[in-house]
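There are 2 protein chains.
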Amino acid sequence: MKIHEMTASELARRLSRRELSALEVVDAFLARIGARDDELHAWTAVDAELARRQARACDAGALRGPLHGLPVGVKDILDTADLPSEYGTPIYLGHRPAADAACVASARAAGALVLGKTVTTEFATMKPADTVNPLNPRHTPGGSSSGSAAAVAARMVPFAYGTQTVGSIIRPAAYCGVVGYKPSFGTLSRAGMKLASESLDTVGVIAGSVDDAALLVAGSAIRMDLRAVETVGKPRLGLCRSPNWSYMTKEGAQAFEAAVQRLAKAGATLVERELPQEFNELDAPRVRILVYEIARSLSHEAGRHRARISAPLLELIDAGAKMPYADYASALEHADACRRRLADHLRDVDALVTPSATGEAPLGLQSTGETAMNRLWTLLHGPCVTVPAARGPAGLPLGVQLYGLPGADARTLGAAKWAERALA
Amino acid sequence: MKIHEMTASELARRLSRRELSALEVVDAFLARIGARDDELHAWTAVDAELARRQARACDAGALRGPLHGLPVGVKDILDTADLPSEYGTPIYLGHRPAADAACVASARAAGALVLGKTVTTEFATMKPADTVNPLNPRHTPGGSSSGSAAAVAARMVPFAYGTQTVGSIIRPAAYCGVVGYKPSFGTLSRAGMKLASESLDTVGVIAGSVDDAALLVAGSAIRMDLRAVETVGKPRLGLCRSPNWSYMTKEGAQAFEAAVQRLAKAGATLVERELPQEFNELDAPRVRILVYEIARSLSHEAGRHRARISAPLLELIDAGAKMPYADYASALEHADACRRRLADHLRDVDALVTPSATGEAPLGLQSTGETAMNRLWTLLHGPCVTVPAARGPAGLPLGVQLYGLPGADARTLGAAKWAERALA
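The listed protein sequences derive, respectively, from chains B and S. All the letters of the first sequence, read from the start, carry residue numbers 10 to 433 under my numbering. All the letters of the second sequence, read from the start, carry residue numbers 10 to 433 under my numbering.
The set of hints was computed from the structure by calculation and includes no laboratory data. It is possible that some hints are incorrect.
Since the list can't tell identical chains apart, any single copy or any two copies may satisfy a pair.
Claimed, not checked - Taking lysine to aspartate or glutamate pairs in the DMTMM-like style, the calculated list, with each CA pair at most 25 Å apart, reads: (1) K331 to D234; (2) K331 to E239; (3) K259 to E379; (4) K331 to D220; (5) K243 to D91; (6) K11 to E48; (7) K274 to D353.
Hey, can you work out the whole structure from these sequences and the hints?
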């Protein structure tokens with residue numbers, strides 16, 4: 010098996026036994042970048058010399074930790090002290106922060122090597138860059154973690170950071186046919202992330218397998234006990250088509266139902282589990298929270314660099330700046346009330362299973378696709394994991410999403426790992 | 010009345026009527042800095058020419074907003090694009106971030122002029138700089154918002170930002186005899202703040218009066234409806250000596266009881282309101298949350314600049330890095346459970362009243378004082394307001410603290426304003 014085809018977990022094993030050197034691993038992935046990225050545009054910055062220098066230092070010294078010698082891609086909404094951090098906007102062209110983001114610094118302490126920065130949409134919001142879907146370059150890779158999803162899918166890196174405020178990890182991972190993991194809200198520190206919405210922004214990862222995703226999150230939290238993926242045998246799953254089922258494409262809906270059949274056939278117990286009306290009414294409050302907070306987070310840029318912000322984002326910022334505080338406060342209350350009652354609906358299942366996106370990655374690069382199957386789950390703060398489930402009629406992948414209660418990451422990852430095998 | 014003796018609210022009125030120019034106001038406060046700061050060391054950076062240039066621009070144009078022409082001090086844990094941002098550590102000497110912190114950018118959009126940066130302890134934690142208490146230079150001004158408290162108390166600026174993770178706004182404000190306001194957790198954006206603990210860090214203000222504090226918070230959130238200070242006539246107050254009453258100095262306890270007597274005499278209804286046992290047991294979980302999170306937030310500095318971090322902070326960081334995730338998660342759960350039950354204990358009162366600190370500002374500059382009267386309230390996420398209450402035997406001020414439920418800022422400010430007058 011070629012190096013770039015190995016899972017991160019397999020690479021970690023071989024690196025820790027010195028059966029592979031960090032330099033060999035880094036060179037293998039740099040070669041993949043050289044071969045694929047002219048077409049895919051997944052990276053905003055790759056410093057091959059820096060990566061190789063770090064790899065050599067890694068090979069020369071003692072084992073550093075559980076991520077020893079593993080290359081990682083860093084979404085360009087996260088700061089890095091030795092690579093530009095441009096947040097997907099011309100405002101920060103060439104910007105070089107003073108410190109690494111906390112997750113990056115922690116992963117480096119655990120032995121990871123930063124290969125480069127991956128493309129983000131403008132401030133991790135709507136406006137895409139030019140990254141294409143590795144499975145069909147005429148289709149979007151999804152966003153906002155566009156570059157991380159494309160880079161992992163094309164095996165230019167074993168895993169990479171993403172962030173999710175609406176659907177920015179799960180959707181691109183599903184569109185590109187890889188695993189996405191948005192941990193419970195608050196699991197990974199946001200120090201050194203360019204914030205958009207403090208109530209929603211969550212740091213997570215995109216990887217080639219559920220185990221690899223769990224490995225990177227644990228290393229990024231300096232806590233390998235977070236790596237725990239519970240062993241879940243024949244899970245009990247709550248089948249939740251969700252309040253936004255009407256957004257599903259015909260093909261997406263068919264593929265989801267077929268995937269659910271395969272899960273049942275493999276031994277999962279499936280129980281219908283739609284959420285009550287108050288959850289269906291969460292989208293308007295969610296938009297209020299996002300818009301209010303983004304107007305504050307980006308107030309410096311809105312004041313000083315207005316002409317270089319895209320019109321749709323500027324519209325959000327201006328709407329948020331004008332919003333009465335009471336509207337925002339009541340939206341937070343509604344969301345919090347739903348979060349508190351969510352446990353009642355998940356008590357008797359290992360996880361919910363729900364579509365990762367409304368269908369295959371849409372044609373064209375103007376939009377990163379529909380967020381309808383993501384935004385409720387991000388708001389509710391629990392862990393989301395997407396695993397590849399099927400191919401659609403356009404030949405592009407579809408995912409199913411496992412969702413759990415905040416804090417129940419190990420169980421949710423366990424259910425996802427079971428589903429990953431059942432659907433492989 | 011001299012300009013530097015006027016409240017921010019009075020200055021705002023005169024500036025908005027153009028009875029005072031922004032340049033006159035800025036010059037008056039710059040003169041105060043010139044006269045006092047050689048002794049007090051409240052500022053890390055003052056750019057007089059920049060402040061005067063901004064004031065002239067303000068005077069030449071249309072009214073900008075509710076903070077038009079008002080000078081503000083910015084605690085040096087918050088980023089500013091045009092002034093150094095050093096976070097109280099030699100690691101960031103001369104550091105110049107690319108953007109203003111969100112609260113600063115919003116206040117500037119509302120017309121505020123940044124006079125300079127105020128001293129913070131190391132990363133807003135324990136290690137003090139050389140700021141002294143304006144009322145007696147042999148005593149600490151408190152911390153971590155040391156410079157902001159000293160600058161406001163010495164009328165070198167009408168108000169200034171602080172941040173509170175344990176007791177960093179309320180305690181220094183009380184020690185320096187001014188008003189401190191830590192809004193409900195999440196009220197002001199933390200974008201552009203050097204984070205320590207995402208579950209605790211709160212941006213707030215230090216000011217000369219309750220009205221002034223509310224004015225700066227509202228301007229910093231771009232929402233003047235936040236300025237609302239409810240009119241509270243003869244409040245009903247829950248007298249809470251708190252689980253940490255044993256930390257009170259004899260003189261502090263006496264002064265607090267005397268202040269409570271004066272509140273009662275002025276017409277407040279006081280009901281004893283101690284919190285149940287589960288609240289008394291919150292300090293260990295609080296430490297776990299703080300230590301776990303600070304180890305992640307400062308992982309870059311711990312990895313790259315270890316020798317320039319103070320020994321006590323390094324000890325915290327190392328303890329946090331080693332802490333099992335489950336210990337952190339259970340601490341978050343304990344805190345959250347208490348937050349949910351807090352409403353039961355505050356339903357029938359306008360606010361709790363509790364000491365702002367254990368006594369007068371201690372002698373010496375080695376420590377910023379005891380946080381025992383602050384840390385529970387910060388953890389519980391509700392608004393805290395300290396108002397000057399008395400002078401102790403050393404001639405230094407003591408404050409009383411009004412505390413309310415998260416979101417009940419207007420009512421808590423109203424009770425504080427009533428107490429401010431009753432104790433004046």
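Hint check:
1. K331 to D234: Only across copies: K331 and D234 sit 11 Å apart there, 44 Å inside one copy, limit 25 Å.
2. K331 to E239: between (46 Å within a copy, 22 Å between copies)
3. K259 to E379: For K259 and E379, the Cα distance is within 25 Å only inside one copy (14 Å; across copies 64 Å).
4. K331 to D220: Between copies only: 23 Å across, 44 Å inside.
5. K243 to D91: neither (46 Å within a copy, 59 Å between copies)
6. K11 to E48: within (22 Å within a copy, 68 Å between copies)
7. K274 to D353: Answer is neither: 27 Å inside a copy and 49 Å across each miss the 25 Å cutoff.
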